[in-house]
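Participant: Note that the protein sequences, when read in sequence, are chains P and Y. Heads up: the first sequence runs through residues 877 to 1134, numbered per our numbering. Heads up: the second sequence runs through residues 5 to 278, numbered per our numbering.
None of these hints come from the bench; they were simulated from the model. For glycine and all other residues, C-beta sits at the position ideal for the given N, C-alpha and C. Careful: at least some of the hints might be erroneous.
To be verified - Cβ-to-Cβ under 10 Å is the rule here; a few derived chain Y residues that face chain P:
hint : residue
1    : Val6
2    : Thr16
3    : Arg48
4    : Phe99
5    : His100
6    : Trp119
7    : Tyr138
8    : Phe184
9    : Arg203
10   : Leu223
11   : Tyr274
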Amino acid sequence: MIVVDVRRTRTADIADYFLKVEPNKDYEVLEALRALVRDEEIDVDQVAGIPVKTLEDLADIMMSCKFGVIFFGLGLTMSAGKLRNVDTAISLVRDLNRYTKFMIMPMRGHFNVTGANVVYSWQTGYPYAVDFSRGYPRYNPGETSVVDILARGESDAGLVVASDPVAHFPKAAAENLVKKPLIVVDPEPTATSLLADVVFPSAFVGLEAEGTAYRMDHVPLPLKKVVEPPNGCLSDVDVLQRILDRVRKIRREKVEAA
Amino acid sequence: MVVVLRPKQVFTVPVEAECITPDVFAGKSVEEMETLGVWQGNRRCQLGELFKVEGESSAKSEEVSIRMFGDVHRVRRIGTQMSAGEVVVHGDVGFHLGEEMAGGKILVDGNVASWVGSMMKGGEIEVKGDAGDYVGAAYRGGDTRGMSGGTIVIHGDAGNELGYSMHKGIIKVHGDAGQFVGVHMKNGTIVVYGNSAGRNGAEMTGGKIVVCGSVPSILPSFTIDTIKPRVKINGEKLDGPFYLFTGDTAEEGKGRLYISKPSNPHLQFYEKLI
Chain P
877 MIVVDVRRTR TADIADYFLK VEPNKDYEVL EALRALVRDE EIDVDQVAGI
927 PVKTLEDLAD IMMSCKFGVI FFGLGLTMSA GKLRNVDTAI SLVRDLNRYT
977 KFMIMPMRGH FNVTGANVVY SWQTGYPYAV DFSRGYPRYN PGETSVVDIL
1027 ARGESDAGLV VASDPVAHFP KAAAENLVKK PLIVVDPEPT ATSLLADVVF
1077 PSAFVGLEAE GTAYRMDHVP LPLKKVVEPP NGCLSDVDVL QRILDRVRKI
1127 RREKVEAA
Chain Y
5 MVVVLRPKQV FTVPVEAECI TPDVFAGKSV EEMETLGVWQ GNRRCQLGEL
55 FKVEGESSAK SEEVSIRMFG DVHRVRRIGT QMSAGEVVVH GDVGFHLGEE
105 MAGGKILVDG NVASWVGSMM KGGEIEVKGD AGDYVGAAYR GGDTRGMSGG
155 TIVIHGDAGN ELGYSMHKGI IKVHGDAGQF VGVHMKNGTI VVYGNSAGRN
205 GAEMTGGKIV VCGSVPSILP SFTIDTIKPR VKINGEKLDG PFYLFTGDTA
255 EEGKGRLYIS KPSNPHLQFY EKLI
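Work the whole structure out from these sequences, hints included.
Facilitator: In structure tokens, the structure reads:
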């Protein structure tokens, strides 16, 4: 196991090799590795604080293993370069597959983020940031991603399901979210639900309601209902279905009136 | 002939108005132009509901000049697929200005948001102020073919990923540029007269990038080639000397990166490798 990080972690302690990179230099390291995998010479002596000799050894290990996997997390996706870091990591995996079997997989955090991505993908073709404003799905992160829309103050209402953007989004985005009408569906009180105009407390999936959660490797796991939810507490599916029914009814009435 | 557009309200949700082009306006009366379809958020409406339309159009699109006044910084896709004529925006303007444009000229007396000249095929865009990210780029999650012709001139600064996936054409930035100038570039020319935030030419396979100001570093997948006394861009001579790097070797690329020698004394160690 090889761990690459800006600081020594507990995972690094049990690893065979630990490479400490300078912060925000992941892209340079990945590009250097790609050049080495393609048998190119590198002009500089070190990249992001790592000697090129060490990177050459790392490239040799990756090319000579039988089946390797790159796991990446927020350190790669949220540091300077962002999507380009992932872009070049995918290209590195593509290059490595000339020599051996290699895979790449994002390390997902919260309960069912993988599920959201999987369902978006098979419903619309895009994994997140899907814009339906013109009646068909569109995807252009930066333009259609929620954090950017909120930061620019372009929305006039918000519906948050089982998430806590107020605690996690940049300040400007969170401020614009709570300025406009905000509806929250969540089993637990959160920073967002405390600032919402309407809150639907929902049942816990896998405890008070059945459902499906996706594992990090996209395996769907059916979850059972174990106990009854508190009286009047619906599952998030029921809450959303009832809102949808109501919206469709109001729309139908409007069309008929016109 | 000149057509003048002024917003009737302050836009809070985005407006998508790809009908604002000389090609669409050509041969239409003011009343006909007012009935053209635009989107405000998730609502379809008519151009006349959002904008006051004045002036007169011409039968030929190359004779149509559209002038936009007022706050249009949330208005997107102005000049989409235009092939002739002129659009002048007095003030800041929203995303995707001149998307897929093939000819004519767009002039902005203000700043532009991201994706100006995205997938542009020809014509000219001139911006007096700053530009956002993805100047002359391709979409994310869509076509991977960026700008394939024409000229974009930014007089102020530009954001990140300028000329992403560019195939042909020229982009000139008179101010500074962000990171990833010419990322995934296939061909064409980018000139940054100011400084760049680095990672220039990342994963480029061809084309030419010139940076006259300073860069923090050169990607390790680029190789020093030589020092050139000057570089020519469409007949314009830029005096250097310039370090010439080639790459991106991670893509077996043959792109050329000209980086000013006087502005970058920290790159002097490359000279012993020439």
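Participant: Under the criterion of a CB-CB separation shorter than 10 Å, is arginine 48/Y in contact with chain P as hinted?
Facilitator: Holds - the Cβ of arginine 48/Y comes within 10 Å of chain P, reaching about 8 Å at its closest.
Participant: Grab the minimum C-beta distance from tyrosine 274/Y to chain P and call the hint holds if it beats 10 Å, violated otherwise.
Facilitator: Since chain P brings a Cβ to about 6 Å from tyrosine 274/Y, closer than 10 Å, the hint holds.
Participant: Verify the interface restraint on tryptophan 119/Y: the C-beta must sit less than 10 Å from at least one C-beta of chain P.
Facilitator: holds, 7 Å
Participant: Against chain P, is leucine 223/Y within 10 Å by beta-carbon distance?
Facilitator: Constraint on leucine 223/Y satisfied, holds at 5 Å.
Participant: Would you settle whether the hint for threonine 16/Y is holds or violated, based on the nearest Cβ-Cβ distance to chain P being less than 10 Å?
Facilitator: Result: holds, 7 Å to nearest chain P Cβ.
Participant: Tell me if phenylalanine 184/Y is really an interface residue toward chain P, meaning its C-beta lies closer than 10 Å to one of theirs.
Facilitator: holds, 6 Å
Participant: Holds or violated: phenylalanine 99/Y as interface residue toward chain P, Cβ cutoff 10 Å?
Facilitator: holds, 6 Å
Participant: May I ask you to test the interface hint for tyrosine 138/Y with respect to chain P, counting a Cβ-Cβ separation under 10 Å as satisfied?
Facilitator: holds, 7 Å
Participant: If you take the shortest Cβ to Cβ gap from histidine 100/Y to chain P, is it below 10 Å?
Facilitator: With Cβ-Cβ at 8 Å, under 10 Å, it holds.
Participant: Please check whether valine 6/Y passes as an interface residue: C-beta within 10 Å of a C-beta belonging to chain P.
Facilitator: The hint is violated - valine 6/Y has no Cβ within 10 Å of chain P, the shortest such distance being about 30 Å.
Participant: Does the interface hint hold: is arginine 203/Y within less than 10 Å of chain P, judged Cβ to Cβ?
Facilitator: holds, 6 Å
Checked against the numbered hints given earlier, this structure breaks only hint 1.
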